[in-house]
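Listed below, chain by chain, are the residues.
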Amino acid sequence: MEPILTINHLTKKFGYLTAVKDLSFTINKGNVYGILGPNGSGKSTTLGIVLNVVNKTTGEFQWFNGNLSTHEALKKVGAIIERPNFYPYMTAYENLKLVCKIKEVDYSKIQEKLELVDLWDRKDHKFRTYSLGMKQRLAIASALLNDPEILILDEPTNGLDPQGIHKIRSLIKKIASDGTTILLASHLLDEVEKVCSHVVVLRKGEKLYSGPVDEMISSHGYLELRSNDTDKLIQFLEEKKMFGKIKIEEGLIVAFLDQPMEAQDINKLMFENGITLSHLVKRKESLEEQFLQLTDN
Amino acid sequence: MLRLINLELQKLLLNRTSKILIFISFILPFTVLILSSIKINFFGFFTLELGELGIFNFPIIWHITTFFASYFKLFFAIVVVSMISNEYSNKTLKQNLIDGLSKKEFILSKFYTIVFFSLVATLLIGLATFFIGLYYSSYTEASIIFREMDFLLAYFMKLTGFFSLCLLLGMLLRKSAFALGFLFILYIVEWLIYWGVYEITESTNAAWQVWNRLPLGSMYKLIDQPFQRIIMTKYPDKIDLTYDYAVHWHEILTVMAWTGIFVFLSFRLLKKRDL
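Listed in order, the protein sequences are those of chains X and L. Counted from 1, the first sequence has number 205 at position 205 by the working numbering; the numbering is strictly sequential. When you read off a place in the second sequence, starting at 1, and then add 297, the result is the number in the working numbering.
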């Protein structure tokens with residue numbers, strides 16, 4: 001796999017505060033990555049460093065195997081961080097023209113990208129007259145102008161209404177399906193779960209997990225059980241070796257599986273042992289629960 | 298280089314406020330020139346005709362026009378300061394860097410634009426002075442016309458130096474009002490230094506020597522005040538009025554050095570800063 005961005009032992013200190021602590025990970029071509037973390041976990045700082053706007057304290061990072069200087073590499077990258085930043089007194093078209101000049105891209109791309117984000121008919125309106133959703137879409141069009149090798153998005157749906165969120169999300173999916181590598185920073189987990197194939201989880205600037213999303217949700221799931229004879233059920237569960245933690249939540253018994261097992265097998269096993277279940281559900285843990293477990297303490 | 302100027306010109310010329318200010322900073326010096334060439338009639342008592350005073354004669358006209366025109370540099374100074382503060386307040390500086398402009402290119406695009414505007418302003422003043430001079434001057438021999446054209450070079454350096462200082466202050470303080478205020482404070486501080494040196498050495502000469510090497514002082518010294526010279530031309534026998542009004546290469550070098558320092562410091566500041 002071809003690495004696009006390699007980060008090695010990156011550290012950033014703001015005075016006494018360490019925003020990013022000894023962070024290392026690699027972004028490979030063709031995958032959709034999510035950076036997950038609560039607010040203030042160092043997501044934006046990390047992106048700021050690789051995007052040349054925040055100075056690192058120690059460590060290093062490399063774009064495209066280090067063959068290009070950072071600002072040359074950024075011409076092959078599309079990025080939107082925090083909120084859309086454009087010149088309010090220029091129209092959408094003029095703003096994109098300016099970006100074309102910076103990235104040294106032909107103006108003909110402007111129409112294509114504005115049509116992609118449904119803003120072509122508003123191209124001659126000034127940026128300051130745009131709604132937040134339109135601003136965010138213009139930012140995406142701007143980031144795509146150079147047909148980037150990687151698209152970096154920092155909280156792209158922040159502050160948008162449900163329609164706006166949906167629109168941005170389907171755009172991201174569309175872009176991802178075209179084979180563009182995407183790095184998406186967010187604290188919205190369903191967003192990452194829906195879009196990303198790989199995740200990096202951060203807390204207080206430290207990496208807690210990095211790898212495929214499926215492997216992060218590595219447990220075999222858990223069971224929700226209910227029976228008239230609760231004591232007998234618990235006793236049975238505790239005797240068997242295949243269950244880990246067992247807890248009772250609002251009359252439901254929750255048992256975590258230590259090995260793979262199907263719901264029908266469990267039902268059969270219970271019945272053979274003289275327990276009749278009035279409720280049986282097998283669930284997989286969501287990314288959210290997994291994330292809360294990881295970042296909790 | 299053209300790409301960087303082109304980039305900055307788009308930012309400036311699409312902004313209505315800066316477009317107006319740029320227009321004013323180019324046009325206003327000329328209206329004053331035109332006004333001064335009009336005969337002013339004081340209710341029929343007497344007519345004051347500035348052209349008759351000999352101030353539009355070559356070569357002194359180069360001195361006079363550049364001296365007065367340089368006062369209008371403040372208009373473009375506002376443009377320079379606001380073109381930095383706008384980049385901060387719109388966060389477009391950050392976006393420019395993310396889009397692939399290097400910090401060095403960012404500062405250079407501002408500096409090249411400053412040089413470009415100074416050049417245009419110098420050219421305009423040069424042409425205007427040339428034609429007004431041809432019209433009014435009593436002497437029109439080529440050797441006299443083109444004498445003392447080094448005032449144009451001084452004018453160009455004065456503008457470039459001053460705007461570079463504005464660039465640095467804009468980068469440092471990020472707010473237009475603060476930057477312009479700081480310019481005024483710097484002006485006062487330079488006079489305090491003058492006073493301080495005078496107190497220590499008790500010599501006005503030493504105090505001037507120091508003041509002439511301070512940022513604003515060195516820029517002012519490039520083109521000395523022409524009033525004394527006008528009087529000199531009227532009363533050539535008054536020897537105690539003579540003074541050194543010429544443009545010296547060491548004065549130009551001083552301003553060039555300051556310009557270099559301002560641009561370099563702006564770059565260092567941006568490089569060190571987390572945006």
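Keep in mind that the hints were calculated from the coordinates and are not lab data. These numbers come from a predicted model, not from an experiment. Check before you lean on any hint, since a few could be wrong.
As the list claims (entries may be wrong) - Under the rule of at most 25 Å between Cα atoms (straight-line distance), these lysine-lysine pairs were calculated in the BS3-like manner:
{"no.": "1", "chain 1": "L", "residue 1": "Lys388", "chain 2": "X", "residue 2": "Lys101"}
{"no.": "2", "chain 1": "X", "residue 1": "Lys56", "chain 2": "L", "residue 2": "Lys569"}
{"no.": "3", "chain 1": "L", "residue 1": "Lys388", "chain 2": "X", "residue 2": "Lys75"}
{"no.": "4", "chain 1": "X", "residue 1": "Lys232", "chain 2": "X", "residue 2": "Lys207"}
{"no.": "5", "chain 1": "X", "residue 1": "Lys126", "chain 2": "L", "residue 2": "Lys316"}
{"no.": "6", "chain 1": "X", "residue 1": "Lys101", "chain 2": "L", "residue 2": "Lys518"}
{"no.": "7", "chain 1": "L", "residue 1": "Lys568", "chain 2": "X", "residue 2": "Lys75"}
{"no.": "8", "chain 1": "L", "residue 1": "Lys569", "chain 2": "L", "residue 2": "Lys391"}
{"no.": "9", "chain 1": "X", "residue 1": "Lys135", "chain 2": "L", "residue 2": "Lys388"}
{"no.": "10", "chain 1": "X", "residue 1": "Lys76", "chain 2": "X", "residue 2": "Lys101"}
{"no.": "11", "chain 1": "X", "residue 1": "Lys13", "chain 2": "X", "residue 2": "Lys56"}
{"no.": "12", "chain 1": "X", "residue 1": "Lys76", "chain 2": "X", "residue 2": "Lys97"}
{"no.": "13", "chain 1": "X", "residue 1": "Lys268", "chain 2": "X", "residue 2": "Lys247"}
{"no.": "14", "chain 1": "X", "residue 1": "Lys135", "chain 2": "X", "residue 2": "Lys75"}
{"no.": "15", "chain 1": "X", "residue 1": "Lys207", "chain 2": "X", "residue 2": "Lys13"}
{"no.": "16", "chain 1": "L", "residue 1": "Lys569", "chain 2": "X", "residue 2": "Lys13"}
{"no.": "17", "chain 1": "L", "residue 1": "Lys316", "chain 2": "X", "residue 2": "Lys13"}
{"no.": "18", "chain 1": "X", "residue 1": "Lys76", "chain 2": "L", "residue 2": "Lys568"}
{"no.": "19", "chain 1": "L", "residue 1": "Lys401", "chain 2": "X", "residue 2": "Lys76"}
{"no.": "20", "chain 1": "L", "residue 1": "Lys518", "chain 2": "X", "residue 2": "Lys56"}
{"no.": "21", "chain 1": "X", "residue 1": "Lys97", "chain 2": "L", "residue 2": "Lys388"}
{"no.": "22", "chain 1": "X", "residue 1": "Lys29", "chain 2": "X", "residue 2": "Lys207"}
{"no.": "23", "chain 1": "L", "residue 1": "Lys391", "chain 2": "X", "residue 2": "Lys56"}
{"no.": "24", "chain 1": "L", "residue 1": "Lys568", "chain 2": "X", "residue 2": "Lys56"}
{"no.": "25", "chain 1": "X", "residue 1": "Lys75", "chain 2": "L", "residue 2": "Lys316"}
{"no.": "26", "chain 1": "X", "residue 1": "Lys126", "chain 2": "X", "residue 2": "Lys167"}
{"no.": "27", "chain 1": "X", "residue 1": "Lys97", "chain 2": "L", "residue 2": "Lys531"}
{"no.": "28", "chain 1": "X", "residue 1": "Lys21", "chain 2": "L", "residue 2": "Lys569"}
{"no.": "29", "chain 1": "X", "residue 1": "Lys103", "chain 2": "X", "residue 2": "Lys135"}
Against the structure, the hints come out as follows:
For the hint linking L/Lys388 to X/Lys101, the alpha-carbon distance of about 18 Å falls within 25 Å, and the restraint holds. Between X/Lys56 and L/Lys569, the direct Cα distance comes to roughly 10 Å. Compliance with the 25 Å bound is thereby established for this hinted pair. Restraint check for L/Lys388 and X/Lys75: the C-alpha separation of about 19 Å stays at or below 25 Å, so the hint holds. Annotation: proposed proximity of X/Lys232 to X/Lys207 is violated, straight-line Cα distance about 43 Å (limit 25 Å).
A distance of roughly 17 Å separates the Cα atoms of X/Lys126 and L/Lys316; the hinted pair therefore holds under the 25 Å criterion. Only pairs whose Cα atoms come within 25 Å are accepted, and X/Lys101 paired with L/Lys518 is rejected, the gap being roughly 40 Å. Annotation: proposed proximity of L/Lys568 to X/Lys75 holds, straight-line Cα distance about 19 Å (limit 25 Å). With a C-alpha separation of about 14 Å, the suggested pair L/Lys569 and L/Lys391 falls inside the 25 Å cut-off, and the hint holds.
Only pairs whose Cα atoms come within 25 Å are accepted, and X/Lys135 paired with L/Lys388 is accepted, the gap being roughly 14 Å. For the suggested pair X/Lys76 and X/Lys101, the alpha carbons sit about 14 Å apart, so the restraint of at most 25 Å is met. For the hint linking X/Lys13 to X/Lys56, the alpha-carbon distance of about 8 Å falls within 25 Å, and the restraint holds. Taken as a hint, the X/Lys76 and X/Lys97 pair is honoured in the structure, with Cα atoms around 17 Å apart against an allowance of 25 Å.
A threshold of 25 Å between alpha carbons decides the hint, and for X/Lys268 with X/Lys247 the separation of about 22 Å falls inside it, so the pair holds. With a C-alpha separation of about 21 Å, the suggested pairing of X/Lys135 with X/Lys75 holds against the 25 Å cut-off. Restraint check for X/Lys207 and X/Lys13: the C-alpha separation of about 16 Å stays at or below 25 Å, so the hint holds. The suggested pairing of L/Lys569 with X/Lys13 holds, with an alpha-carbon distance near 14 Å, which does not exceed 25 Å.
Note on L/Lys316 and X/Lys13: the hinted pairing is violated, with a Cα-Cα distance of about 42 Å set against a maximum of 25 Å. For the proposed pair X/Lys76 and L/Lys568, the alpha carbon gap of about 22 Å is at most 25 Å, so the pair holds. A threshold of 25 Å between alpha carbons decides the hint, and for L/Lys401 with X/Lys76 the separation of about 19 Å falls inside it, so the pair holds. The hinted pair formed by L/Lys518 and X/Lys56 fails the criterion: a straight-line CA distance of about 44 Å is larger than 25 Å.
Annotation: proposed proximity of X/Lys97 to L/Lys388 holds, straight-line Cα distance about 18 Å (limit 25 Å). Only pairs whose Cα atoms come within 25 Å are accepted, and X/Lys29 paired with X/Lys207 is accepted, the gap being roughly 21 Å. With a C-alpha separation of about 16 Å, the suggested pairing of L/Lys391 with X/Lys56 holds against the 25 Å cut-off. Restraint check: the Cα-Cα separation between L/Lys568 and X/Lys56 comes to about 12 Å, which is no more than 25 Å; the hinted pair holds.
At roughly 30 Å between alpha-carbon atoms, X/Lys75 and L/Lys316 are farther apart than 25 Å, so this suggested pair is violated. At most 25 Å may separate the alpha-carbon atoms for a hinted pair to count; X/Lys126 and X/Lys167 meet this at roughly 22 Å. For the hint pairing X/Lys97 with L/Lys531, the CA-to-CA distance comes to about 58 Å; that exceeds 25 Å, so the pair is violated. For the hint pairing X/Lys21 with L/Lys569, the CA-to-CA distance comes to about 20 Å; that is within 25 Å, so the pair holds.
Pair hint X/Lys103 plus X/Lys135 holds up; C-alpha atoms about 20 Å apart against a cutoff of 25 Å.
When each numbered hint is compared with the structure, violations occur for hints 4, 6, 17, 20, 25, 27.
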